[in-house]
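**Student:** Residue numbers (my numbering), protein chains in the order written: chain A, 28 to 522; chain B, 28 to 522.
One thing to keep in mind: the hints can contain errors.
One copy or two, it doesn't matter: identical chains are merged, so the pair holds either way.
Unchecked claim - Cross-link-like lysine to aspartate or glutamate pairs, in silico, DMTMM-like; alpha carbons within 20 Å at most: (1) Lys241 <-> Asp417; (2) Lys251 <-> Glu56; (3) Lys425 <-> Asp457; (4) Lys251 <-> Glu113; (5) Lys125 <-> Asp431; (6) Lys251 <-> Glu62.
Worth flagging that the hints you see were computed from the coordinates, not collected in a lab.
2 protein chains.
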Amino acid sequence: MMKNYNRLKTVFARISRLQYAQRILMWDEAVMMPEGAQEARAHTVATLNRTIHRMLTNRKVKTLIDKARDEDRLSSWDVVNLNIMEKKYNKAACIPLKLTEESTRVMIRCEQAWRTLRQQNNWQDFIPYLDQTFRFVREIAERESQVTHLSPYDALLDKYAEGFGQSDIDDIFLKLKQFLPALVTQIRGKQQSDTICVARGRFGIEKQKALGLKVMQALQFDFKRGRLDVSHHPFCSGGPSDVRITTRYSEDEFISSLFGICHETGHAIYEQGLPAEWLEQPIGQIDNMVMHESQSLLVEMDVCRSKAFIEYLIPLIQDEFGTQAAFTVENLYKYVTRVKPGLIRVDADEVTYPLHIILRYELEKALMSGDLQLQDLPSAWNERMAQYFDLSTLNNDKDGVMQDVHWASGAFGYFPAYTLGRLMAAQLFDTFRQMHGQFSESVRHGQFQVLTQWLNKNVHSLAASLPVNDLLINVTGAALDPQYFLAHIQRRYLD
Amino acid sequence: MMKNYNRLKTVFARISRLQYAQRILMWDEAVMMPEGAQEARAHTVATLNRTIHRMLTNRKVKTLIDKARDEDRLSSWDVVNLNIMEKKYNKAACIPLKLTEESTRVMIRCEQAWRTLRQQNNWQDFIPYLDQTFRFVREIAERESQVTHLSPYDALLDKYAEGFGQSDIDDIFLKLKQFLPALVTQIRGKQQSDTICVARGRFGIEKQKALGLKVMQALQFDFKRGRLDVSHHPFCSGGPSDVRITTRYSEDEFISSLFGICHETGHAIYEQGLPAEWLEQPIGQIDNMVMHESQSLLVEMDVCRSKAFIEYLIPLIQDEFGTQAAFTVENLYKYVTRVKPGLIRVDADEVTYPLHIILRYELEKALMSGDLQLQDLPSAWNERMAQYFDLSTLNNDKDGVMQDVHWASGAFGYFPAYTLGRLMAAQLFDTFRQMHGQFSESVRHGQFQVLTQWLNKNVHSLAASLPVNDLLINVTGAALDPQYFLAHIQRRYLD
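Chain A extracted, bound-state conformation (with noise of 0.2 Å):
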């Protein structure tokens, strides 16, 4: 009956295989890997990313898509598993082997010459190499907007924020510009002054990764299905039933590789709440990453970073390091609050973070537009950074244009994904708080599990049946709107 579909199933059931392999070789390289691997793993990457190219764009893909579609017995997540398999074979067919292969090289090379050109802070002799994966990032979106019928960067941006085109988000960034600015300015006045007590000592590693453990058990992280390693910087990957979060860790001070550990775990409950049956379809995996970083967001900002949570904290912190000053609840809410305008998008607060992406999307979409060369990117980005946070970054391109990793490695269009996921996290937030009006006291406890099982219904279990705004709209009655976290801002730092 749905002999096709079947045979399409099974072609990407392999497909993600390898990628569970790809992933699994990715954490292996942040955790494990001896650095004179790095050639031979590049190559093993780019190896299985031909491969899949060459499944995912046999001509047989596109015979069985179009059978399938005429096949009885379709259910409602057979329909959109079909339409994402079809989207991803336009996608992928557009492009030939040689342009995967020749790209992917080119940007795993950029990626490591930014490693050593970061520390070095030389812009210069990383501007042909950056120059030369752009060049493979724009020829990539022009094939793909002609499939899509999107504009170049249009055709970036579905890559990792599905749902959301430049005009969408133009209109969401110019809210939040018109109210950031002045709220960052309200709550420094606020916070001005407040004392915050550090905590002082050397915390060993084994009692941070012991409270880390503590925290995931009681956010139903689950262990059988995952694990906890240290890399240079935390991330989220392996697979559904093998999540494999990172954290890094400092003796000099805890509280930021928690957090970490906190937003990572928010990632993996959503990997482990993917519906069992269809982790091997498209439609059972996540690559939209609003989606993803409104489930990391929520759990590290609206739960881990309220004062309910640093209530619950405070005695399992006191467990491992003992009691002193800093160790209050006050105190530790004021030191996890506090907002100031900083160089680093990844030390930033909640306040300040979205002007940080809102300067790197405004330079990514110069750049797609011709509005903007490559070698002018320092003095844009410095003049931005004048503008929203009256910083500079002349001659610093260290902790400016070179700071991240995702131009380097080609991922153009991804950084509009955080900020749209926070917004989304405090809109879903927003909701279940109204449902759930003794969820502090719970959190106050450690008590979890009527959030999760709350995102596991409304959130995880969907996987990607439903389109970003359909899902926001099904659960808290409206499509993205920054007033819920415009709200949220002035509830925490201005109530």
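Assemble the complex: chain A is given as a structure, and chain B must be docked to it using the hints.
**Tutor:** Just chain B, lined up with the frame of chain A:
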């Protein structure tokens, strides 16, 4: 000039990259993977197998091989490389893709069943799994034997011990059977009056690891291209630029873990010493387990269980664990050269070990010839245990026929490689010893370079460019001969 040959090299390089991915996934499964990922991981390994099989058996490969035969400028290594490619193609092409997939699935299931049922000493429930596996092994062997013109059991041996057929092994093992039992009796008599002091205390894992790393360093393990971790059974996996060795620790006893590290380091320095420019080609890879075991056993048995090595080791042990009666050269040397027949192969001393292999070899042969039926394995095992060791495994299949993973995972024909490798190690080391009379003195001082350089020149750097016996004749002047091993036993245990 070598267009077709170079295209072949590209195909085989891709295959080698996917095999590297498989080996890292295998390492990850044993060292890192959460248990809930078993099924997903098995699917992924099977999909990689399938992908490799398809790449290898693509008809273009056959055409390219035929055309490459006529190309100019092929070096002698190129010609050998091409021959190995052709053999790999022929052996793979006779196995339909479906058979590869089904047999992989069956063997993974059988190995998983073995893990549970072995613990339960449950042979009866294991029979149907092993039967299915054995049927596939036989079918594949029969198909291969039509291509290679070897008997089915020789086709199995060809996979792990290329260069040695049943008639060669019959001769070699006959000689061992003639001499070993009497040697065991003699040695046991001589050792009867020895009193061995066993090390007491808790041996912390961090200290054991530090000790292991020092020994690896001394044995010239390159940590830029490899690492040491923990798994249930020690192994060596990964690839030449990314060698993953493992051991297991018990806080009660550190010697077996340490010698596990020595053994795996022998495998590792072999991999790390393979010629850099051929790593991705068949000629640059060691599939032959006789070769591989010769290197691990030379390091473990000939070097690390020598009295000179124990002299080197004692101060290192004392650095980590202080002094005690057990930590004298005489005592520890007695401990690591104690000969005692036992049920378990992996715990056996080097004198009784070959008898464990001969037992398995005789049963495998009988299974393949049809002289023995699967259900009669336990009684046949028990009979030979009585004959060779004067021990019984009656109602103890856990420590009898079910003790090893090999048959459960479909690796019939593998066992002889251990003993052939041991004989080869003894023969190589005999030549080395005669050329470097002062080596024991170097060992006492932890200086192993003269050995590793010699192995690199005479074995490692040659990779698979020569058949095992040709390599042995070049280096030692003779084909594989058990006399060197028997002389070593006489010298170490009876002189």
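**Student:** Compare the structure with each hint and give your call.
**Tutor:** So, going through the hints one by one against the coordinates:
no.	hint	verdict
1	Lys241 <-> Asp417	neither (40 Å within a copy, 53 Å between copies)
2	Lys251 <-> Glu56	between (22 Å within a copy, 13 Å between copies)
3	Lys425 <-> Asp457	neither (38 Å within a copy, 59 Å between copies)
4	Lys251 <-> Glu113	neither (34 Å within a copy, 44 Å between copies)
5	Lys125 <-> Asp431	neither (28 Å within a copy, 46 Å between copies)
6	Lys251 <-> Glu62	between (30 Å within a copy, 6 Å between copies)
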